[in-house]
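Enquirer: These are the residues of each chain, in order.
Protein chains: 4
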Amino acid sequence: MDFTPSARAADLSERVGRFIDERILPIEAQYHRDVAALRESGGDPWVPLPLLAELRAEARKAGLWNLFLPAAHAGDYAARFGTDGGTGLTNTDYAPIAELTGRSFLAPHVFNCNAPDTGNMEVLLQYGDQAQRDRWLDPLLDGSIRSAFGMTEPEVASSDATNMAATAVLDGDEVVLNGRKWWTTGIGHPDCAVILFMGLTFPDADKHRRHTTVLVPVDAPGVTVERLLPAMGRYDEPFGHGEVSFTDVRVPATSIVLGPGRAFEIAQGRLGPGRVHHCMRLIGLAETALEAACRRGLERTAFGRPIARLGGNRERIAKARIAIDAARLLVLNAAWKLDTVGALGALSEISQIKAHVPAMAQEVIDFAMQIHGGAGLSDDLPLSAAWSTARAIRLADGPDEVHLDLVGRLELAKHAQQAAR
Amino acid sequence: MDFTPSARAADLSERVGRFIDERILPIEAQYHRDVAALRESGGDPWVPLPLLAELRAEARKAGLWNLFLPAAHAGDYAARFGTDGGTGLTNTDYAPIAELTGRSFLAPHVFNCNAPDTGNMEVLLQYGDQAQRDRWLDPLLDGSIRSAFGMTEPEVASSDATNMAATAVLDGDEVVLNGRKWWTTGIGHPDCAVILFMGLTFPDADKHRRHTTVLVPVDAPGVTVERLLPAMGRYDEPFGHGEVSFTDVRVPATSIVLGPGRAFEIAQGRLGPGRVHHCMRLIGLAETALEAACRRGLERTAFGRPIARLGGNRERIAKARIAIDAARLLVLNAAWKLDTVGALGALSEISQIKAHVPAMAQEVIDFAMQIHGGAGLSDDLPLSAAWSTARAIRLADGPDEVHLDLVGRLELAKHAQQAAR
Amino acid sequence: MDFTPSARAADLSERVGRFIDERILPIEAQYHRDVAALRESGGDPWVPLPLLAELRAEARKAGLWNLFLPAAHAGDYAARFGTDGGTGLTNTDYAPIAELTGRSFLAPHVFNCNAPDTGNMEVLLQYGDQAQRDRWLDPLLDGSIRSAFGMTEPEVASSDATNMAATAVLDGDEVVLNGRKWWTTGIGHPDCAVILFMGLTFPDADKHRRHTTVLVPVDAPGVTVERLLPAMGRYDEPFGHGEVSFTDVRVPATSIVLGPGRAFEIAQGRLGPGRVHHCMRLIGLAETALEAACRRGLERTAFGRPIARLGGNRERIAKARIAIDAARLLVLNAAWKLDTVGALGALSEISQIKAHVPAMAQEVIDFAMQIHGGAGLSDDLPLSAAWSTARAIRLADGPDEVHLDLVGRLELAKHAQQAAR
Amino acid sequence: MDFTPSARAADLSERVGRFIDERILPIEAQYHRDVAALRESGGDPWVPLPLLAELRAEARKAGLWNLFLPAAHAGDYAARFGTDGGTGLTNTDYAPIAELTGRSFLAPHVFNCNAPDTGNMEVLLQYGDQAQRDRWLDPLLDGSIRSAFGMTEPEVASSDATNMAATAVLDGDEVVLNGRKWWTTGIGHPDCAVILFMGLTFPDADKHRRHTTVLVPVDAPGVTVERLLPAMGRYDEPFGHGEVSFTDVRVPATSIVLGPGRAFEIAQGRLGPGRVHHCMRLIGLAETALEAACRRGLERTAFGRPIARLGGNRERIAKARIAIDAARLLVLNAAWKLDTVGALGALSEISQIKAHVPAMAQEVIDFAMQIHGGAGLSDDLPLSAAWSTARAIRLADGPDEVHLDLVGRLELAKHAQQAAR
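Chains as they are written, first to last, in UniProt numbering: chain A, 1 to 421; chain B, 1 to 421; chain C, 1 to 421; chain D, 1 to 421.
Calculated from the structure, these hints are not laboratory results. Any given hint could turn out to be false.
[Claimed, not checked] One-sided excerpt, in silico: chain B residues whose CB lies under 10 Å from chain A:
| hint | residue |
| --- | --- |
| 1 | M232 |
| 2 | G373 |
| 3 | A392 |
| 4 | P399 |
[Unchecked claim] Stretch by stretch, here's where chain D covers chain A in the computed footprint (C-beta under 8 Å, at least three residues):
| hint | region |
| --- | --- |
| 5 | 2 to 14 |
| 6 | 243 to 257 |
| 7 | 327 to 341 |
All C-beta atoms, glycine included, are put in the ideal place defined by N, C-alpha and C.
Produce the entire structure from the sequences given, and follow the hints as far as they go.
Expert: Shown next, in the form of structure tokens:
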């Protein structure tokens, strides 16, 4: 177990951290206030403020761009699209960078490392053909378009992804899409140009070979963004989550990724690194919450003492410290296993972190809100939005319970043979 | 310990339940959608929709009005202002009614039993003089005006209420108010006419005799609602929470309740029943969340089984059942102690429920959201708003930690003499 | 919900409390030390010290004897066997008495109210015929013999009681028993004269009609106490838990209780009140632990303050206070439901307390041990033994998980029809 | 963060694992049964059975002896006393070996790596003078004597070690000891020859410079083992925990380690690696408990399914898996920090694991007991004893709460300067 980042990664990490501290965090609160004011005054909060584009340009110029690109599949894309050093990073190398970007709501986007675009780019990189990559991957890496991911459906329990009922029917050299997706993350962004759609193609096949992934232009006839969905009352502009209907949407069969019936194969490959990214960002978020809790605990006084010294507060701070450190080590371990034995060998570790880390972050942030009193619940501080983020990720990419179940099955499988004897 | 409601209370309870089931719940989701649409289309979401006034009129006509009025202090107000039977109820009698109203966001207001108005009316009833009651209590009980409560301040740790720094300075036959309050609940309502303001009058007195409660007309010169505050991203229209500045606000000294320096005396008396109400409403809310969780668990299928039968879901349902029942019994017991031995004798029990019940409700609702998947976080269901309500009450009227601390002190006090020997 | 005990029960409760405080608690620690010394010096720790018989005689003389006898079935037994007032008590009446006896390891036995004898006596009272009652119930109520209960088996998962594999085969006017039971509680007592044995009679019947309850004299040929079992390292003398083998044990068919195949019917009736008793005793035990924790917290000093005021200790005391009070209310409610709607109507409530209360007690006692430091783990204080008691009851009469599952099923059943529509 | 063990350590680890699997585990259950039988038949359970000496000889011959010796201070002791390779190991290297030894009650002793001897040997190695090392360290490393550690006292709250009241008064070239210690671990072993005693020398000095560590022969006049103490009902033979009185015990001043008043300096250095050892052993113990839980869950059937698939069991298995893995990573990280930045730099990490790991192990073992039903509480399986071990370590070397408090203080200290500005 060697979690030490390479010298290059350590350098990038240091520069990313500095960029966030110096360029992003100082303006972040004002950015959110400006968006809120825009909304209040009847403006469109879904159009990113110009400042964001400036920061993105600056990050790209600094080579802090597309750092998520995986060493194993980056090819020449890293060199072509602005990653300093010109190659991708291992999961172990990228994990501490992801943690840093998690400290800020804007940072992942500033560095072109935000979900769901990163996952979608990875799919294109790993499973897309050259034409698909030319059409969609290049502009995504370039930052000129954005993308969305359409999997979850309102009418079925999506915790069991094989329940997906939207259809992707092959019809000559076309594929015809029908159905309704929701929690289609990223669809609210004005630059969103493409949706990765998963639909049922072979209803009678083995249940993991029934579905197909299709690249669907947002402006294809029959695609309708029915509404944008708030999660815990928040729309998470400018990316957002949408409910999208697909009515007799026809796209060329060349829009199919990897091949008909191979959606689960793709999803499996897509999700490993994505879960590491989500979890590391949440660790960064939890760290900011703990830092805020400590500062507040020292600054405010009640009953004649700093509130950090009242009741169980200091113990809660200690438990948060332990919880964050343990979670970070679990994620680093999962990243290292991904790098050394691959997604299949890291199956338990990936599900462990997905089941454990968001709940941990939710709890730490809840404590931080509590120690801040009313301010903690308000939008004056980023804590309330942070809580919503952590809460939502307990459901995104599979609810905690599904991941726990997998971890339990894998654990029992170690002993099944002995038991069978 | 006899928690049996009187026959009259049982009858009222049954009628309130029926009213909620038949008149309020069927329209509630649409009400929220209409408000949201109003907001989207640039309308004013703070003006209650006409439907609400109709329901209120109907409830009043049915005698299901001002049921919160306490038997001990109701005097002839219950008879004058629409309570069927013409007298107030004990805490034990009212508790199950409060639970029922907690099942709906609108219900407390429909029955003129919503916070903070109930608490403010109790203050006027118990501590106001005849002129104060004539001016403010009558229209409040009549439902023609609304009120707000201004205690918490942004610049100090309000968990220690003696920290309050806003001033209420006596100046001849006037009192002059300066300072800034926030989380002034109820201030957003267009009918809000009066604020109960707590301010520092005698900085050198014993710390519980420094502050004064003053009745301040919302339109008094120098009173400015600086902004309305979201809690967990929600504004809770039409009541809302505001940040309010007071700049050289002059009101007659006759606006002082009970007398200068007696704000804590009032707050103490105000909070006992109020905490019972909050907690019983939260129990109603938690029940609706558990019911929704059960229904969803039975309706949706994953991995070939209803999700209620997957993993630990059935255990979680059982634990929620136990947690809600235990919490209800604790609150009934606190209500019964309030009725039989008074607020002082019920000090521990009141703080016990305030420390325990909101956190219980938060947890049950969190589970209910989780079993609903993405829908649980959306605004399509009332769960996400319910969670915010429970979360906010963990801070309102004193954070959990302050109440736990009091419970711990009282418990230790039982043994202090023995230890001293 | 009226949990108020009758005047007679309140009087008995007061006298039981006084007896425990004045006669039992002052000698209890020494009693345990004497037994330990006896064991060390090679004596037989299973023979109760004479003092115990003296206390029992005294309790009986005071009419504080067999107070567990249920009002509904006591008949003239209460009058004949020493219960002051001559009739049985309701569950609501007896519950506070059971709590008091739980404060002492010896008290339940002193008042002839200890498990498993109480449960066995209830079986005989409710389901035994006159000859069975004459032979076994009279001496049990008289205190001249003791009894054991044989259900759990080492080779099967006894959480599912239908797994029981020991056999009770009908053979003419005899019944022949074979198999092995363990955790046969009470078997270690030198006065133990009879075992209530459950065995498989009709392997092909409906699974709840397969087993038969048989009264087996301990000295019947073929009955062998193979060993006594420690639970968490303790033998719980003088009652103990044994592993007992039954090899071709022949007893007359008149030893069958109620009839062949009716063991589950009996067990169901036996367990309701028994679970209330267990839980109330555990609440008494948890109260003593919390009292000890408070005293220790006030007496000992570390880092310049009483340890009760260090870190989260005061919060933990508060949480224990809340947990105990909530648990007590749940048990009183279950007792009241047993009294008012019977065992079937109280099914969920009984399983709720059995799933909840022992775990609560375990946690409170664990905290009390922790605040006592090393002394808490030693045998100088009763805490360590108390912990073992609570831990064992999480398995006795069905593990927590089985009870939670039942509560969950009953909760879901309320909604099953709606879901089926 | 590089937790990879050296090639030599990996090899030793593999051999230790094999030795435990092949030589110790197969006989361990019988060993405990033999000791129990010895006790039952009036024999002395404190004399280790001859088998233990044989295993120790075998381990030593294999070079698997004194592996705990720290690379930094081992000098030529590792070569002289049987460690294969002839040098000590880093904490990172030794940690996985400690985990393996934790899988067995006997293993630590078999490899001469058991507490408190390891800690005492480290003290002698690091702080003892040559004469002290010749007299006590050589035979300890040789395994011909055993040692005890006397710190905790019955009359004071030992969580604050500065409370220690036993005295070590300088008198010419002698030091005179008076007082009473308990939980003097190791004192029950017949080969125990020396006690490391901590006593008060300078009552008026700074509170961390008041106490002195003295090497006291067990047979010194005035040393009396008053009794052996059970922890959770267990005596933990053959090491045990004793209450020891010191009455005018006179030993030469040359028995003082490091110098008068320097006991805390020694304790600080002693405890870092010791806590890593304790925690890694507990992780091994928790792993065995989880393995047993999985096997039992697969083997036993209830309600028609393997119990692992009932209710929340599979989730609990998953949570145990995550908890153990997270704990192991925390301990490895603490070991690595000890190696790379020393005890002072690893202060928080060491207290983190001490506060976190024993409680984690306690919980995992509790679950394993529960899934085993009655067998889990019995002495037929090692789970019940394992639970007691974990529980006791939550108090040994400072209770959880003291360690949490330190972690909290260190966390807040990072922000104190900012707050002060």
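Enquirer: All hints, please: hold or fail.
Expert: Status of each hint after checking the structure:
Satisfaction of the interface hint for M232(B) is found here, the shortest Cβ-Cβ separation to chain A being roughly 5 Å, below the 10 Å cut-off. Below 10 Å, beta-carbon pairs count as interface contacts, and G373(B) has one with chain A at about 6 Å; its hint therefore holds. Among the interface hints, the one on A392(B) holds; its C-beta lies about 6 Å from the nearest C-beta in chain A, closer than the 10 Å criterion. Given hint, P399(B) at the interface with chain A, holds; its Cβ is 6 Å from that chain's nearest Cβ, closer than 10 Å.
With a threshold of 8 Å between beta carbons, the proposed coverage of the region 2 to 14 of chain A by chain D holds, since 3 of its residues qualify and at least three are required. With 0 residues carrying a beta carbon less than 8 Å from a beta carbon of chain D, the region 243 to 257 of chain A misses the three-residue requirement, and the given coverage is violated. Under the rule that three or more residues need a Cβ within less than 8 Å of chain D, the assignment of the region 327 to 341 of chain A holds, with 5 such residues.
Comparing the model with each earlier hint shows a violation of hint 6 alone; every other hint is respected.
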